[in-house]
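*Asks:* Okay, here's what each chain looks like letter by letter:
2 protein chains.
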Amino acid sequence: MALPVTVESVASAARDVAIASLHQLLGDRVSTAAPVREQHGKDASYHPCVPPDAVAFAQSTAEVSEIVKICARHKVPIIPFGSGTGLEGHVVALRGGVCIDISRMNQILQVSTGDLDAKVQAGVTHEQLNEHLRDTGLFFSVDPGANATLGGMAATRASGTTAVRYGTMRENVLSLTVVLPDGRVIRTARRARKSSAGYDLTRLFVGSEGTLGVITEVTVRLCGVPPAISAATCSFPTIEAAVNTVIETIQTGIPVVRIELADAATMNSIIRYSKLDLPVAPMLWMEFHGTENAVAEQARMVQRIAADHGGANFSWTTRPEDRQRLWRARHDAYYAKKAAYLGTQLWATDVCVPISRLAECITETQKDIAASFVPATIVGHAGDGNFHVGFMINPNEPKEMAEAERLHERLVHRALSFDGTCTGEHGIGCGKIDFLIAEHGEAVSVMQAIKKAIDPDNIMNPGKILRV
Amino acid sequence: MALPVTVESVASAARDVAIASLHQLLGDRVSTAAPVREQHGKDASYHPCVPPDAVAFAQSTAEVSEIVKICARHKVPIIPFGSGTGLEGHVVALRGGVCIDISRMNQILQVSTGDLDAKVQAGVTHEQLNEHLRDTGLFFSVDPGANATLGGMAATRASGTTAVRYGTMRENVLSLTVVLPDGRVIRTARRARKSSAGYDLTRLFVGSEGTLGVITEVTVRLCGVPPAISAATCSFPTIEAAVNTVIETIQTGIPVVRIELADAATMNSIIRYSKLDLPVAPMLWMEFHGTENAVAEQARMVQRIAADHGGANFSWTTRPEDRQRLWRARHDAYYAKKAAYLGTQLWATDVCVPISRLAECITETQKDIAASFVPATIVGHAGDGNFHVGFMINPNEPKEMAEAERLHERLVHRALSFDGTCTGEHGIGCGKIDFLIAEHGEAVSVMQAIKKAIDPDNIMNPGKILRV
Numbered sequence: 193m194a195l196p197v198t199v200e201s202v203a204s205a206a207r208d209v210a211i212a213s214l215h216q217l218l219g220d221r222v223s224t225a226a227p228v229r230e231q232h233g234k235d236a237s238y239h240p241c242v243p244p245d246a247v248a249f250a251q252s253t254a255e256v257s258e259i260v261k262i263c264a265r266h267k268v269p270i271i272p273f274g275s276g277t278g279l280e281g282h283v284v285a286l287r288g289g290v291c292i293d294i295s296r297m298n299q300i301l302q303v304s305t306g307d308l309d310a311k312v313q314a315g316v317t318h319e320q321l322n323e324h325l326r327d328t329g330l331f332f333s334v335d336p337g338a339n340a341t342l343g344g345m346a347a348t349r350a351s352g353t354t355a356v357r358y359g360t361m362r363e364n365v366l367s368l369t370v371v372l373p374d375g376r377v378i379r380t381a382r383r384a385r386k387s388s389a390g391y392d393l394t395r396l397f398v399g400s401e402g403t404l405g406v407i408t409e410v411t412v413r414l415c416g417v418p419p420a421i422s423a424a425t426c427s428f429p430t431i432e433a434a435v436n437t438v439i440e441t442i443q444t445g446i447p448v449v450r451i452e453l454a455d456a457a458t459m460n461s462i463i464r465y466s467k468l469d470l471p472v473a474p475m476l477w478m479e480f481h482g483t484e485n486a487v488a489e490q491a492r493m494v495q496r497i498a499a500d501h502g503g504a505n506f507s508w509t510t511r512p513e514d515r516q517r518l519w520r521a522r523h524d525a526y527y528a529k530k531a532a533y534l535g536t537q538l539w540a541t542d543v544c545v546p547i548s549r550l551a552e553c554i555t556e557t558q559k560d561i562a563a564s565f566v567p568a569t570i571v572g573h574a575g576d577g578n579f580h581v582g583f584m585i586n587p588n589e590p591k592e593m594a595e596a597e598r599l600h601e602r603l604v605h606r607a608l609s610f611d612g613t614c615t616g617e618h619g620i621g622c623g624k625i626d627f628l629i630a631e632h633g634e635a636v637s638v639m640q641a642i643k644k645a646i647d648p649d650n651i652m653n654p655g656k657i658l659r660v
Numbered sequence: 193m194a195l196p197v198t199v200e201s202v203a204s205a206a207r208d209v210a211i212a213s214l215h216q217l218l219g220d221r222v223s224t225a226a227p228v229r230e231q232h233g234k235d236a237s238y239h240p241c242v243p244p245d246a247v248a249f250a251q252s253t254a255e256v257s258e259i260v261k262i263c264a265r266h267k268v269p270i271i272p273f274g275s276g277t278g279l280e281g282h283v284v285a286l287r288g289g290v291c292i293d294i295s296r297m298n299q300i301l302q303v304s305t306g307d308l309d310a311k312v313q314a315g316v317t318h319e320q321l322n323e324h325l326r327d328t329g330l331f332f333s334v335d336p337g338a339n340a341t342l343g344g345m346a347a348t349r350a351s352g353t354t355a356v357r358y359g360t361m362r363e364n365v366l367s368l369t370v371v372l373p374d375g376r377v378i379r380t381a382r383r384a385r386k387s388s389a390g391y392d393l394t395r396l397f398v399g400s401e402g403t404l405g406v407i408t409e410v411t412v413r414l415c416g417v418p419p420a421i422s423a424a425t426c427s428f429p430t431i432e433a434a435v436n437t438v439i440e441t442i443q444t445g446i447p448v449v450r451i452e453l454a455d456a457a458t459m460n461s462i463i464r465y466s467k468l469d470l471p472v473a474p475m476l477w478m479e480f481h482g483t484e485n486a487v488a489e490q491a492r493m494v495q496r497i498a499a500d501h502g503g504a505n506f507s508w509t510t511r512p513e514d515r516q517r518l519w520r521a522r523h524d525a526y527y528a529k530k531a532a533y534l535g536t537q538l539w540a541t542d543v544c545v546p547i548s549r550l551a552e553c554i555t556e557t558q559k560d561i562a563a564s565f566v567p568a569t570i571v572g573h574a575g576d577g578n579f580h581v582g583f584m585i586n587p588n589e590p591k592e593m594a595e596a597e598r599l600h601e602r603l604v605h606r607a608l609s610f611d612g613t614c615t616g617e618h619g620i621g622c623g624k625i626d627f628l629i630a631e632h633g634e635a636v637s638v639m640q641a642i643k644k645a646i647d648p649d650n651i652m653n654p655g656k657i658l659r660v
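The listed protein sequences correspond, in order, to chains S and L.
Under my numbering, think of the first position of the first sequence as 193, with each following residue one higher.
Under my numbering, think of the first position of the second sequence as 193, with each following residue one higher.
The set of hints was computed from the structure by calculation and includes no laboratory data.
Incorrect hints may have been included.
Pairs involving identical chains hold if they fit within one copy or between any two copies, as the list cannot separate such chains.
[Unchecked claim] Derived SDA-like pairs (lysine to any residue); straight-line CA-CA distance at most 25 Å:
1) Lys-644 - Ala-203
2) Lys-311 - His-605
3) Lys-261 - Ser-275
4) Lys-559 - Ser-257
5) Lys-311 - Leu-301
6) Lys-267 - Arg-357
7) Lys-644 - Glu-556
8) Lys-530 - Asn-586
9) Lys-311 - Ile-625
10) Lys-311 - Ser-507
11) Lys-559 - His-266
12) Lys-234 - Ala-504
13) Lys-267 - Gln-640
14) Lys-644 - Glu-634
15) Lys-530 - Gln-516
16) Lys-311 - Gly-445
17) Lys-530 - Pro-471
18) Lys-644 - Arg-376
19) Lys-559 - Gly-416
20) Lys-644 - Arg-520
21) Lys-311 - Gln-299
22) Lys-267 - Glu-634
23) Lys-467 - Ala-456
24) Lys-261 - His-600
25) Lys-261 - Gly-633
26) Lys-644 - Ala-264
27) Lys-311 - Glu-634
28) Lys-267 - Arg-207
29) Lys-311 - Arg-357
30) Lys-267 - Ile-378
Every value quoted in this text rests on a predicted model; they were computed, and no experiment measured them.
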């Protein structure tokens with residue numbers, strides 16, 4: 193009598209065949225070892241680990257194409273993996289499959305100083321690229337905090353502190369090389385600064401979170417290093433005063449490069465962690481780029497605005513070592529929080545609203561936090577109207593999780609009610625699929641139609657962004 | 193005996209039923225009069241007129257939705273129409289159908305000075321919007337020359353003179369309201385400055401040339417009017433010298449707002465038309481925005497660069513009336529050419545290349561023009577690497593058309609060989625479909641898959657951008 197053949201066992205057999213083919217192709221650059229799989233089944237977020245069946249370490253676009261062809265033939269899911277620094281479970285292998293780790297694709301292919309652009313393999317990180325550019329007078333502006341790969345940053349439409357002046361990945365990617373779900377390779381655009389030639393596939397793949405293909409090469413814009421850089425910090429009596437300073441700065445058109453906000457709770461942990469002599473009060477960090485005169489003038493203008501809102505302890509400097517000192521506290525925020533709330537995990541979410549609604553959105557959120565038993569902090573790329581709430585939770589405590597979920601839901605719906613978005617820079621992953629529907633409504637069906645047209649078998653990072 | 197029923201007669205009957213339904217919906221805002229149809233079957237280009245079967249003048253998104261539903265039910269083609277200033281035959285009714293004229297949708301719905309954005313109906317022109325903004329201290333930056341509607345500008349991913357500093361429609365559209373090919377209405381994004389929430393539908397519809405839906409509302413970014421504006425002009429011994437001045441200006445990072453180039457042939461017609469006392473030599477026009485000091489400094493820097501390249505007669509001014517005088521010659525270029533080459537028609541095409549290849553691309557193009565019997569001129573938004581060639585032809589002379597086509601093909605392939613694009617700002621329409629394939633290769637199949645997924649019956653502006 194034959195054994196019963198289930199869908200699951202067919203899928204499992206197909207997976208085994210696919211992995212065997214990958215071994216033939218890549219040798220020991222395919223791993224099914226538990227520690228490797230576990231390391232690739234989790235990102236930097238609270239989302240629980242779900243390991244893939246195998247991890248393939250690719251070295252070239254051609255190799256990614258071969259890997260994808262093998263997986264496509266057997267309808268095995270594919271999950272692209274950069275540095276694993278995502279925050280919405282983008283790499284969690286919800287349906288198993290093969291994780292394609294592109295971190296070894298770390299060649300800088302071309303830097304054109306004449307055209308202010310660079311073409312890199314998708315595994316190059318932004319720190320690596322900037323290190324490479326050090327003596328060229330150019331830099332790559334997008335800085336999401338973590339040392340993410342450019343492929344991952346493109347896939348999640350990353351931004352970070354400098355977006356208010358230099359834009360996000362949306363504005364800074366000129367072109368992508370993408371391996372489609374059937375293994376074909378396309379380039380989404382030429383290197384011209386602008387084009388009206390057909391649908392904007394570059395912008396379609398930027399932010400597609402691995403659901404439409406694997407990004408293997410990224411061409412990005414570079415910026416000239418300004419002649420002068422100045423940094424400033426300032427404390428405020430209330431978070432509203434700090435936010436209103438941001439709003440007025442943006443509305444006045446001061447070309448601030450970074451303008452970062454932290455609430456008193458964040459400052460409390462930073463001060464204890466970094467042993468700083470600062471008031472436990474909301475704070476702003478700012479950076480200005482330009483000529484010596486311009487950055488001085490900009491700092492003066494912001495100081496006046498801050499003073500109108502009760503800002504105190506305004507410090508500013510153009511000296512590199514002093515700038516670093518002023519900014520260190522901001523960079524320490526993540527570790528400071530981890531230290532302050534030992535034994536908990538940080539659930540970092542983000543929303544983004546029109547700047548005129550930022551003060552209202554943040555103060556209402558603070559009221560929610562104050563009334564809750566779950567500790568939470570606020571930091572933000574305030575110049576964009578973008579801010580993060582970090583819930584400090586034990587994921588194994590259902591009561592804490594339920595409360596964080598309640599606050600989170602209120603936060604997102606508040607942002608949406610202000611005509612904002614459920615995520616300014618973290619992406620949808622598997623954590624915000626329902627919020628995507630709340631935000632976009634009928635437009636989600638257009639996204640689903642596109643997904644189905646490009647990836648009919650739903651093998652590309654299934655379960656992320658959309659339900660298919 | 194029954195009459196033979198052909199596909200054509202079924203289509204024709206369906207069209208008649210659809211038009212009858214439109215009459216019921218819109219009354220006398222549907223026209224089948226020959227002059228109205230002819231006016232809507234042609235744009236500002238050399239493409240021959242092909243009139244639609246009817247023209248519907250819509251007044252609201254809801255009305256566009258109803259019109260589209262009627263057309264969809266009968267599989268009648270739909271062609272959205274703004275101001276008819278396109279240059280690649282975007283509105284030519286290749287398969288007949290209903291033209292939806294959105295020019296009466298000209299309400300400015302909301303201006304948010306706090307968020308620096310405005311929401312308008314798609315029939316609002318950029319001049320109308322800027323007139324409306326006059327006392328707000330804000331302006332809308334994109335200026336394609338013609339007084340196009342914002343819907344049309346979004347649909348063709350328009351740019352123009354200011355794109356080098358403020359970006360194209362790609363960067364300046366925050367959100368769109370779109371009527372899908374089945375009549376459903378979506379909004380592509382919220383009003384937040386950035387978002388990582390799902391596929392970038394805004395950028396997908398920007399540049400889709402009416403092939404995926406009808407854009408009915410546009411939310412755009414606004415910019416603050418700078419405290420000072422200066423204009424400058426300069427003549428050069430050769431076009432190469434002028435272009436090298438542009439390249440060095442851009443590579444130095446001088447934040448020029450406009451930097452426009454004209455060749456000697458263009459100058460010759462301008463000088464005769466506007467009776468100006470200028471040398472018949474390549475010329476640059478520039479504009480700078482900033483503080484009084486900044487614009488003076490920028491003009492000085494560019495003057496030094498120009499002098500290094502043999503630039504002469506450098507004039508610059510900050511006075512509004514003098515700025516207008518300096519720029520008038522540039523604005524007159526189109527009419528000057530029409531006057532200089534009476535009896536011919538202007539076939540204006542455009543390509544865009546990485547800035548480092550611009551001098552080579554333009555000088556090689558000039559050699560082609562010099563060796564040809566078809567007169568042609570070059571003007572360009574040189575700071576973007578974007579330039580226009582205007583062939584002066586009689587479309588009824590097959591020899592002239594064939595020669596212009598030969599030059600055109602060489603021009604586009606030259607731009608592509610420099611990693612440029614077949615169109616920087618005019619779009620594909622029905623004139624550049626083969627060049628799109630030459631530029632994008634396999635990626636065109638992704639565009640086709642998207643088109644088929646969103647518009648399965650191919651009723652939205654068929655025959656434009658893609659062959660389906």
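*Asks:* When no copy is named, should Lys-311 and Gln-299 be tagged within, between, both, or neither for a Cα gap of at most 25 Å?
*Replies:* Answer is within: at 9 Å inside a copy they meet the 25 Å cutoff, but 44 Å across does not.
*Asks:* Regarding Lys-311 and Ile-625, is the shortest C-alpha distance of 25 Å or less found within a copy, between copies, in both, or in neither?
*Replies:* Neither: 32 Å inside a copy, 28 Å across copies.
*Asks:* Within a copy, between copies, both or neither: which one fits Lys-234 and Ala-504 at a CA-CA cutoff of 25 Å?
*Replies:* neither (42 Å within a copy, 63 Å between copies)
*Asks:* Could you place Lys-559 and His-266 in one of the four classes (within, between, both, neither) given a Cα distance threshold of 25 Å?
*Replies:* neither (52 Å within a copy, 55 Å between copies)
*Asks:* Up to 25 Å between alpha-carbons, please classify Lys-261 paired with His-600: within, between, both or neither.
*Replies:* neither (40 Å within a copy, 39 Å between copies)
*Asks:* Between the shortest in-copy and the shortest cross-copy C-alpha distance, which are at most 25 Å for Lys-311 and Arg-357: within, between, both, or neither?
*Replies:* Classified as both: same-chain Cα gap 22 Å, cross-chain 23 Å, threshold 25 Å.
*Asks:* Could you figure out if Lys-311 and Gly-445 sit no more than 25 Å apart (CA to CA) within one copy, between two copies, both or neither?
*Replies:* Between copies only: 20 Å across chains, 32 Å inside a chain, cut-off 25 Å.
*Asks:* Checking Lys-311 and His-605: alpha-carbon separation at most 25 Å within a copy, between copies, both or neither?
*Replies:* The answer is between: 22 Å across copies meets 25 Å, while 39 Å in one copy does not.
*Asks:* Quick one: Lys-559 to Ser-257, C-alpha cut-off 25 Å, is that within a copy, between copies, both, or neither?
*Replies:* Result: close neither inside a copy nor across copies, 51 Å intra and 42 Å inter.
*Asks:* Could you place Lys-644 and Ala-203 in one of the four classes (within, between, both, neither) given a Cα distance threshold of 25 Å?
*Replies:* Classified as within: same-chain Cα gap 20 Å, cross-chain 30 Å, threshold 25 Å.
*Asks:* Up to 25 Å between alpha-carbons, please classify Lys-559 paired with Gly-416: within, between, both or neither.
*Replies:* Answer is neither; intra-copy 42 Å and inter-copy 34 Å both fail.
*Asks:* Go through the copies and call it for Lys-530 and Gln-516: within, between, both or neither, with a Cα cutoff of 25 Å.
*Replies:* within (22 Å within a copy, 60 Å between copies)
The structure shown violates the earlier hints numbered 4, 6, 7, 9, 10, 11, 12, 19, 20, 24.
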